[in-house]
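> Read off the chains here:
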Amino acid sequence: MIRLQRVTKRFDGGSEALSNVSLRVDAGALAFLTGPSGAGKSTLLRLIARLERPTRGRIMVNGKDLETLPRSEVPRFRRSIGLVFQDHRLLFDRPVHANVALPLEILGYRRGEARKRVRAALDKVGLLQKENAQPQTLSAGEQQRVGIARAIVHRPALLLADEPTGNLDPRLSREIMQLFLDFNRVGVTALIASHNLELISGLGKPILHLESGNLEARHVTQARSAG
Amino acid sequence: MKDGGGRAGCLEAWLYNHADAARRSFRRRVDAPGQTLIMIAVLGFILALPAYLWLLLDNARALSAGIDHEPRIALYLDDTDADALADATARITALPGVAQVTPTGADEALDEYRASLPDPALLDWLEGNPLPAIIEVVPRERTPEAVAALESRLAMLLPEAVSVSDHEWVRQLQALHAAGLRVLLVVAGLLALGITLILSVAAASELRERREEIAISRISGATDRFLRRPSLYGGLLLGLGGGVFSLILLGAGVILTQAPVEAAAAAFGLPLVFAAPEARVGLILLGTGLVLGWIGARLGSGAALRE
Numbered sequence: 000m001i002r003l004q005r006v007t008k009r010f011d012g013g014s015e016a017l018s019n020v021s022l023r024v025d026a027g028a029l030a031f032l033t034g035p036s037g038a039g040k041s042t043l044l045r046l047i048a049r050l051e052r053p054t055r056g057r058i059m060v061n062g063k064d065l066e067t068l069p070r071s072e073v074p075r076f077r078r079s080i081g082l083v084f085q086d087h088r089l090l091f092d093r094p095v096h097a098n099v100a101l102p103l104e105i106l107g108y109r110r111g112e113a114r115k116r117v118r119a120a121l122d123k124v125g126l127l128q129k130e131n132a133q134p135q136t137l138s139a140g141e142q143q144r145v146g147i148a149r150a151i152v153h154r155p156a157l158l159l160a161d162e163p164t165g166n167l168d169p170r171l172s173r174e175i176m177q178l179f180l181d182f183n184r185v186g187v188t189a190l191i192a193s194h195n196l197e198l199i200s201g202l203g204k205p206i207l208h209l210e211s212g213n214l215e216a217r218h219v220t221q222a223r224s225a226g
Numbered sequence: 000m001k002d003g004g005g006r007a008g009c010l011e012a013w014l015y016n017h018a019d020a021a022r023r024s025f026r027r028r029v030d031a032p033g034q035t036l037i038m039i040a041v042l043g044f045i046l047a048l049p050a051y052l053w054l055l056l057d058n059a060r061a062l063s064a065g066i067d068h069e070p071r072i073a074l075y076l077d078d079t080d081a082d083a084l085a086d087a088t089a090r091i092t093a094l095p096g097v098a099q100v101t102p103t104g105a106d107e108a109l110d111e112y113r114a115s116l117p118d119p120a121l122l123d124w125l126e127g128n129p130l131p132a133i134i135e136v137v138p139r140e141r142t143p144e145a146v147a148a149l150e151s152r153l154a155m156l157l158p159e160a161v162s163v164s165d166h167e168w169v170r171q172l173q174a175l176h177a178a179g180l181r182v183l184l185v186v187a188g189l190l191a192l193g194i195t196l197i198l199s200v201a202a203a204s205e206l207r208e209r210r211e212e213i214a215i216s217r218i219s220g221a222t223d224r225f226l227r228r229p230s231l232y233g234g235l236l237l238g239l240g241g242g243v244f245s246l247i248l249l250g251a252g253v254i255l256t257q258a259p260v261e262a263a264a265a266a267f268g269l270p271l272v273f274a275a276p277e278a279r280v281g282l283i284l285l286g287t288g289l290v291l292g293w294i295g296a297r298l299g300s301g302a303a304l305r306e
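Heads up: the protein sequence lines correspond to chains F and W, in order.
0 is the number of the first residue of the first sequence in numbering that gives the first Met the number 0; add one for each residue after it.
0 is the number of the first residue of the second sequence in numbering that gives the first Met the number 0; add one for each residue after it.
It should be emphasised that the hints constitute simulated quantities derived from the structure, not laboratory data.
Here the structure is a predicted model, which is why all the values come from computation and not from measurement.
Accuracy of the hints is not assured; some may be wrong.
Okay, the calculated beta carbon distance ranges per label pair [unchecked claim]:
#1 GLN128(F) / ARG210(W): 22 to 32 Å
#2 GLN34(W) / GLN128(F): 31 to 41 Å
#3 ARG184(F) / CYS9(W): 53 to 63 Å
To give a feel for the contact side, a few chain F residues facing chain W, derived at Cβ under 10 Å [as the list claims (entries may be wrong)]:
#4 THR7
#5 ARG9
#6 ALA48
#7 LEU50
#8 PRO74
#9 PHE91
#10 PRO94
#11 LEU106
#12 TYR108
#13 ARG109
#14 ARG149
By construction, the Cβ of each residue, glycine as well, lies at the ideal position given by its N, Cα and C atoms.
Construct the complete structure from the given sequences, taking the supplied hints into account.
So, in structure tokens, the structure goes:
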């Protein structure tokens with residue numbers, strides 16, 4: 000599903016966010032990406048979502064070589080991915096259900112069908128009763144769950160999450176991680192960046208350590224262990 | 000989890016996206032009625048002004064075309080006896096485009112002049128007859144072009160004759176009309192450019208207000224076409240509103256100025272009827288509003304999305 004070959008990302012200022020990173024995550028697998036702040040976790044996720052382009056190296060996602068992917072094909076490629084941000088990035092000018100429906104609007108779902116899917120996604124994250132609420136009236140944990148509902152509402156094959164529990168207390172963090180495990184159980188490939196080692200080490204999934212832009216080459220399979 | 004079941008087909012999804020963008024755009028206008036009405040008013044004024052001027056010009060043109068005036072060309076021939084006059088008359092009659100030829104000999108002209116004087120004896124002081132012979136020619140066609148063409152044929156036939164056409168004022172009116180039309184075109188072009196810029200700025204600022212939504216949508220796989228669509232519908236709606244408002248203004252302008260304009264023309268002896276605009280003018284105004292609205296929104300949204 001995800002394959003990085005000797006990927007380096009250097010920003011304009013000259014700092015190298017990733018150095019020669021190689022990684023393989025099979026379809027249906029779930030892996031955690033950890034490391035201290037500034038280790039390059041967000042950059043790696045942004046490269047996989049084609050929000051950034053690598054300075055060197057090759058990235059294949061879902062059978063597509065992102066280097067040769069035409070610009071016009073990028074939107075279609077992004078529709079196969081669900082992205083969760085640490086700061087949720089919800090739109091505060093519209094209610095919860097409209098936030099979650101955004102990817103479905105882009106895909107051209109009819110209103111009735113979209114509403115059904117939005118309700119199913121909100122039900123999955125335990126927020127069905129809040130569908131008409133304004134995001135600013137929700138707690139941080141609820142806002143994060145709305146962000147997750149938005150990321151999965153169009154049933155993407157790949158879910159990328161950048162510090163999804165960054166601002167949450169331990170109980171809420173566990174609940175959110177459990178959601179990702181549930182999605183993975185029904186076949187979604189997931190790569191989740193988190194610096195909360197204590198939380199993720201107890202979940203029995205492979206953990207990739209990024210340190211100053213370096214990652215030991217890894218191959219994450221659908222099985223529990225990594226090789 | 001694969002994307003699929005329940006999603007509309009490609010064409011249907013596209014159509015649904017359009018309908019949705021139009022609906023959202025309409026709601027956005029309704030939600031900000033003050034801003035929308037100001038934009039529509041500005042567009043209406045800018046569209047109505049050249050339309051009103053064009054209507055005035057068009058009525059003036061109709062006036063020059065509609066006046067029942069039979070053009071005449073008078074040829075004055077010095078030292079021409081009866082035989083030469085008859086010969087010239089025959090040659091002119093044979094020319095194409097001539098409807099009627101009336102010769103008047105110099106003596107005949109003098110007699111007519113004498114009869115018109117209060118004291119005919121005054122002419123007895125003259126030595127000989129100073130008046131020329133006159134051939135009056137009525138062209139078959141009344142257009143200034145046909146009259147001018149006949150004049151030049153006559154000049155070639157009788158180079159010694161002095162030619163005077165009473166159709167000159169129609170030509171002057173037409174020249175004025177052509178000049179007015181050109182000025183109007185330039186003014187209308189500048190105003191259209193103004194409208195386009197106004198709409199473009201409005202579309203760009205609207206997209207900038209949606210910056211966060213656009214960022215999230217792009218991450219979720221929205222194309223620029225998708226993001227631009229509500230702005231394009233917004234431009235079309237404003238253009239249509241502006242077109243309708245300009246029609247109302249134009250109608251009001253005609254009603255309010257009809258009487259004084261017709262009175263002013265009548266003072267010059269011109270039977271001007273300041274007619275209300277035809278349906279064609281309405282369609283042109285609506286079409287112009289729509290086209291300019293679309294272009295403005297396309298330019299503005301394109302610039303904002305590139306930022």
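> Each hint: holds or not?
The hints, checked one at a time:
1. GLN128(F) / ARG210(W): 22 to 32 Å: Given about 31 Å between the Cβ atoms, the range holds.
2. GLN34(W) / GLN128(F): 31 to 41 Å: holds, 36 Å
3. ARG184(F) / CYS9(W): 53 to 63 Å: violated, 32 Å
4. THR7: With a closest approach of 23 Å, the THR7(F) hint is violated.
5. ARG9: ARG9(F) check fails; min Cβ-Cβ to chain W is 23 Å, beyond 10 Å.
6. ALA48: holds, 7 Å
7. LEU50: holds, 7 Å
8. PRO74: Status holds, d = 5 Å.
9. PHE91: holds, 9 Å
10. PRO94: violated, 14 Å
11. LEU106: Hint holds; LEU106(F) Cβ to chain W Cβ min 6 Å, cut 10 Å.
12. TYR108: holds, 6 Å
13. ARG109: Check passed: Cβ of ARG109(F) comes within 6 Å of chain W, closer than 10 Å.
14. ARG149: holds, 8 Å
Hint compliance for this structure: hints 3, 4, 5 and 10 are not met, and every other hint is.
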